[in-house]
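> Got chain L; can you put chain U on it based on the hints?
Quick note, the sequences are listed as chains L and U, same order.
When the count follows my numbering, it moves up by one through the first sequence with no breaks and lands on 531 for the last residue.
When the count follows my numbering, it moves up by one through the second sequence with no breaks and lands on 531 for the last residue.
It should be emphasised that the hints constitute simulated quantities derived from the structure, not laboratory data.
Beta carbons: idealized from backbone N, C-alpha and C, even for Gly.
It is possible that part of the hints are untrue.
Said to hold, decoys possible - Covered stretches of chain U, as calculated for chain L (at least 3 residues, CB under 8 Å):
no., stretch
1, 296-310
2, 434-447
3, 489-498
4, 512-526
As the list claims (entries may be wrong) - Calculated pairs, DSS-like style, for lysine-lysine (alpha carbon to alpha carbon, straight line, at most 30 Å):
no., chain 1, residue 1, chain 2, residue 2
5, U, LYS334, L, LYS477
6, L, LYS334, L, LYS371
7, U, LYS449, L, LYS449
8, L, LYS333, L, LYS371
9, U, LYS333, L, LYS449
10, U, LYS365, U, LYS334
11, U, LYS333, U, LYS371
12, L, LYS333, L, LYS365
13, U, LYS333, U, LYS365
14, U, LYS334, L, LYS465
15, L, LYS465, L, LYS365
16, L, LYS465, L, LYS477
Protein chains: 2
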Amino acid sequence: MAQNIYDDPTFFEGYSQLNRSVHGLAGAPEWPSIQAILPDLTDKKILDLGCGFGWFSRWARANGAGEVLGLDLSEKMIDRAKQETNDDEVEYQIADLDRVDLPEAVFDLVYSSLAFHYVEDFDDLVRRIYRTLRPQGHLVCTIEHPIFMAPVSPGWSEGKEGVRIWPLNQYSVEGKRTTNWLADGVVKYHRTLGTTLNSLIHNGFRIEHLNEWSPSAEQLEEMPALEEEMDRPMMMIIKAQR
Amino acid sequence: MAQNIYDDPTFFEGYSQLNRSVHGLAGAPEWPSIQAILPDLTDKKILDLGCGFGWFSRWARANGAGEVLGLDLSEKMIDRAKQETNDDEVEYQIADLDRVDLPEAVFDLVYSSLAFHYVEDFDDLVRRIYRTLRPQGHLVCTIEHPIFMAPVSPGWSEGKEGVRIWPLNQYSVEGKRTTNWLADGVVKYHRTLGTTLNSLIHNGFRIEHLNEWSPSAEQLEEMPALEEEMDRPMMMIIKAQR
Chain L
290 MAQNIYDDPT FFEGYSQLNR SVHGLAGAPE WPSIQAILPD LTDKKILDLG
340 CGFGWFSRWA RANGAGEVLG LDLSEKMIDR AKQETNDDEV EYQIADLDRV
390 DLPEAVFDLV YSSLAFHYVE DFDDLVRRIY RTLRPQGHLV CTIEHPIFMA
440 PVSPGWSEGK EGVRIWPLNQ YSVEGKRTTN WLADGVVKYH RTLGTTLNSL
490 IHNGFRIEHL NEWSPSAEQL EEMPALEEEM DRPMMMIIKA QR
Chain U
290 MAQNIYDDPT FFEGYSQLNR SVHGLAGAPE WPSIQAILPD LTDKKILDLG
340 CGFGWFSRWA RANGAGEVLG LDLSEKMIDR AKQETNDDEV EYQIADLDRV
390 DLPEAVFDLV YSSLAFHYVE DFDDLVRRIY RTLRPQGHLV CTIEHPIFMA
440 PVSPGWSEGK EGVRIWPLNQ YSVEGKRTTN WLADGVVKYH RTLGTTLNSL
490 IHNGFRIEHL NEWSPSAEQL EEMPALEEEM DRPMMMIIKA QR
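Next up, chain L with everything else stripped away, as it sits in the complex:
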């Protein structure tokens, strides 16, 4: 069973104040890159894994989707998602991605934003996602980048000649990483990029796109703080087809 740190008052309070929680998709700098690779949503049935406040679920419906099911482990997030949504074709349920049973061959798109790095057995989740997709259905997801997750002491440091460096180590040592982010003791599971892609491939997916997200020139001009993202990616965007 997954750690439910998300309902911890400190975590939830911090989460609620994130730019992407307040402003939704517009507050997530990777969103234009995700949007560019989404399949056509018209009349499609969509599953949003780790839906949080439901920003994507609502967007998908507003952009043609037929039905959306959003799942999240956090009661507080699901409550908030329900409050923010006024649409009979968007449903939210509390569910643990580590073990939720998904119906067979039902969805056209499984979407997930920054949730899979909290899942311990990714291979098992991939198997369930594959099964719940219709043939030719897509998975589009963002995951924390293993470069970001791997280090024993993540955080910027100063390298030779005062240049900013990301102190990478333990990249090939997979497993639990415990960090203090929004609350103390948040557990994530580090996997190499190879392990993540191979899980998708050997469960039957075809990899269609991999974007180790970095800001565009326009975004760098608007938000100079994003310059750090040029030094090491924080997340990756994957598109795969059943």
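Chain U only, in chain L's frame:
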């Protein structure tokens, strides 16, 4: 046209003394991982891009391949490969991977070991490889890992609490990297892993396997120096199918 540093006497002398040049495939710790994903070679026609001393070309023939063509920019390496080979079905030619014209739908396997990071226009090379493969033919290659190639100042450093770190930066800044390895001023081309895989995908390949190589427990026991490879991968192994 590619930089021919390989025939520089200092580079060639250093290259000749590398474990993998002296002992061949057995001197390359990643070889067992490559061997595990090679397709059946029986009677297959193989192209070895950047064949060096021809170790793989000869191994492929000894393991069932029908014909092998090895290409390398270095005259000295091709001379040496020819000296070491006594087999009419193995041919070697001097060629620049940056622009060599490859015949259409001829090969069952294109193999390349640690050569593609010297190629400036990878997308163009991928197009030529795709074209020269027969339908369902494979590409199996190793490339320097972008984590290894990216930094402004590559080399181990000491991080917090004296722990070994790899000073990563500029990961998302693609392009030329000049390093001093075997000789001064060796030019390589850094591309993110996403860019490399997307080039393969949009040119028609299906990604079958990605291994960001790290040593096995047995290898670590035999060669403790390989422990560094657990902190950051030096190379990746890709298998893709036309």
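> Indicate, hint by hint, whether the structure satisfies it.
A quick look at each hint next to the structure:
1. Given a C-beta distance limit of less than 8 Å, the hint that chain L covers the stretch 296-310 of chain U is violated, as 0 residues qualify and 3 are needed.
2. By the rule of at least three residues with a Cβ nearer than 8 Å to a Cβ of chain L, the coverage given for the stretch 434-447 of chain U holds, with 5 such residues.
3. With 5 residues bearing a CB less than 8 Å from a CB of chain L, the stretch 489-498 of chain U meets the requirement of three and the coverage assertion stands.
4. Against chain L, the stretch 512-526 of chain U contributes 6 residues with a C-beta closer than 8 Å to a partner C-beta. That satisfies the three-residue criterion, and the hint holds.
5. At roughly 46 Å between alpha-carbon atoms, U/LYS334 and L/LYS477 are farther apart than 30 Å, so this suggested pair is violated.
6. With a C-alpha separation of about 19 Å, the suggested pair L/LYS334 and L/LYS371 falls inside the 30 Å cut-off, and the hint holds.
7. Under the criterion of a C-alpha separation no larger than 30 Å, the hint pairing U/LYS449 with L/LYS449 is consistent with the structure, at around 15 Å.
8. For the hint pairing L/LYS333 with L/LYS371, the CA-to-CA distance comes to about 21 Å; that is within 30 Å, so the pair holds.
9. Annotation: proposed proximity of U/LYS333 to L/LYS449 is violated, straight-line Cα distance about 49 Å (limit 30 Å).
10. Between U/LYS365 and U/LYS334 the CA atoms are separated by roughly 25 Å; this keeps the pair inside 30 Å, and the hint holds.
11. For a cut-off of 30 Å, the pair hint linking U/LYS333 to U/LYS371 stands: about 21 Å separates their Cα positions.
12. Proposed proximity of L/LYS333 and L/LYS365 is supported: the alpha carbons are some 27 Å apart, at most 30 Å.
13. With a C-alpha separation of about 27 Å, the suggested pair U/LYS333 and U/LYS365 falls inside the 30 Å cut-off, and the hint holds.
14. For a cut-off of 30 Å, the pair hint linking U/LYS334 to L/LYS465 is broken: about 45 Å separates their Cα positions.
15. As the CA atoms of L/LYS465 and L/LYS365 are separated by approximately 25 Å, the hinted pair is consistent with the 30 Å bound.
16. With a C-alpha separation of about 6 Å, the suggested pair L/LYS465 and L/LYS477 falls inside the 30 Å cut-off, and the hint holds.
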